[in-house]
Amino acid sequence: MGNNLVGNHIRKLRFDHDEMTQQQLADKVGVTRQTIVALEKGNYSPSLELAFRIARAFNLPIESIFYYEEDHKK
Amino acid sequence: MTYQEKKSIVTLISTILIFAIYCLYMYPRYPEQGAELTEVLRYWGAFVLILMLVSIIAHIIISIVFNIVYRMTTGEKEPGFTDELDRIIELRAHRISFLLFIVGFLCAMGSLVMEKPLYVMFDFLIAAGFLADVSSSVTKLYHYRRGF
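Same order as they appear, the protein sequences are chains X and S.
Under the working numbering, think of the first position of the first sequence as 1, with each following residue one higher.
Under the working numbering, think of the first position of the second sequence as 1, with each following residue one higher.
Keep in mind the hints are simulated off the structure, nothing from the lab.
Where is the CB? At the ideal position from N, CA and C, for every residue including glycine.
Do not rely on the hints blindly, as some may be mistaken.
[Stated by the list, open to error] No more than 25 Å apart at the CA atoms, straight line, and that leaves these computed lysine-lysine pairs for DSS-like: (1) S:K6 - S:K77; (2) X:K12 - X:K28; (3) S:K6 - X:K41; (4) S:K77 - X:K41; (5) X:K12 - X:K41; (6) X:K28 - S:K77; (7) X:K41 - X:K28.
[Claimed, not checked] Reference listing, derived: stretches of chain X covered by chain S, where coverage requires no fewer than 3 residues with Cβ under 8 Å from a Cβ of chain S: (8) 23-33; (9) 36-44.
Construct the entire structure; sequences and hints are all you get.
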């Protein structure tokens with residue numbers, strides 16, 4: 001797991017959306033597959049703009065995808 | 001391992017190899033003792049200029065060959081653009097390599113102040129350029145693997 005405090009459910013959501021591949025999600029939100037890999041590993045906190053694009057790709061509110069680790073532990 | 005990680009490793013290895021081979025070729029051609037200052041300066045000027053030219057051409061060729069090999073071995077196409085993660089990592093790599101080069105530049109100027117031979121100043125400058133280049137690839141590799 002990565003070292004930043006913003007976690008996400010991208011991996012789970014991809015599988016819930018017809019087993020969408022990392023490349024398909026990357027193409028949808030306009031980043032490279034490497035960035036999706038880094039996000040899923042928790043190695044990278046996306047910009048607000050990218051977070052919104054990912055939320056739009058899954059048709060979900062942003063807080064359903066991303067969470068703050070400290071809040072998640074509670 | 002992803003495309004960016006592989007590319008960072010290839011760039012790192014090629015940078016070290018190009019520099020090592022070039023130094024092995026050029027250092028024996030250093031003007032003999034007692035040569036005129038203009039001849040020594042011409043040697044160092046040529047050393048730096050040719051090194052830059054050789055590095056650029058070699059990196060372009062290596063990059064093309066790497067992309068071809070990557071496509072053939074993985075069946076994937078290399079990313080045709082840089083996204084926000086690439087740009088942040090690029091900025092960090094630049095920051096560290098600039099910092100290293102500035103330290104090398106200051107050491108080079110310091111050697112002049114301390115009345116060291118001229119070759120010490122050029123050695124510092126060339127070493128700083130090389131280390132800056134290496135540190136850039138290492139930083140990219142580190143951040144692509146570990147995140148931040």
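Hints versus structure:
Taking the CA atoms of K6 (chain S) and K77 (chain S), the gap is near 14 Å; set against the 25 Å cutoff, the hint holds. Our distance criterion of 25 Å between C-alpha atoms is met by K12 (chain X) and K28 (chain X), whose separation comes to about 17 Å. Distance restraint check for K6 (chain S) and K41 (chain X): the Cα-Cα separation of roughly 18 Å lies within the 25 Å cut-off, and the hinted pair is therefore satisfied. Of the supplied pair hints, the one linking K77 (chain S) and K41 (chain X) holds, its CA atoms being roughly 23 Å apart against a limit of 25 Å.
Our distance criterion of 25 Å between C-alpha atoms is met by K12 (chain X) and K41 (chain X), whose separation comes to about 12 Å. Proximity of K28 (chain X) to K77 (chain S) is assessed by CA-CA distance (about 17 Å); at most 25 Å being required, the pair is judged to hold. Proximity of K41 (chain X) to K28 (chain X) is assessed by CA-CA distance (about 19 Å); at most 25 Å being required, the pair is judged to hold. For the stretch 23-33 of chain X, the stated coverage by chain S is satisfied: 4 residues place a CB nearer than 8 Å to a CB of that chain, which reaches the threshold of 3.
Coverage of the stretch 36-44 of chain X by chain S holds. Counting CB-CB distances below 8 Å, 6 residues qualify, and the rule asks for three or more.
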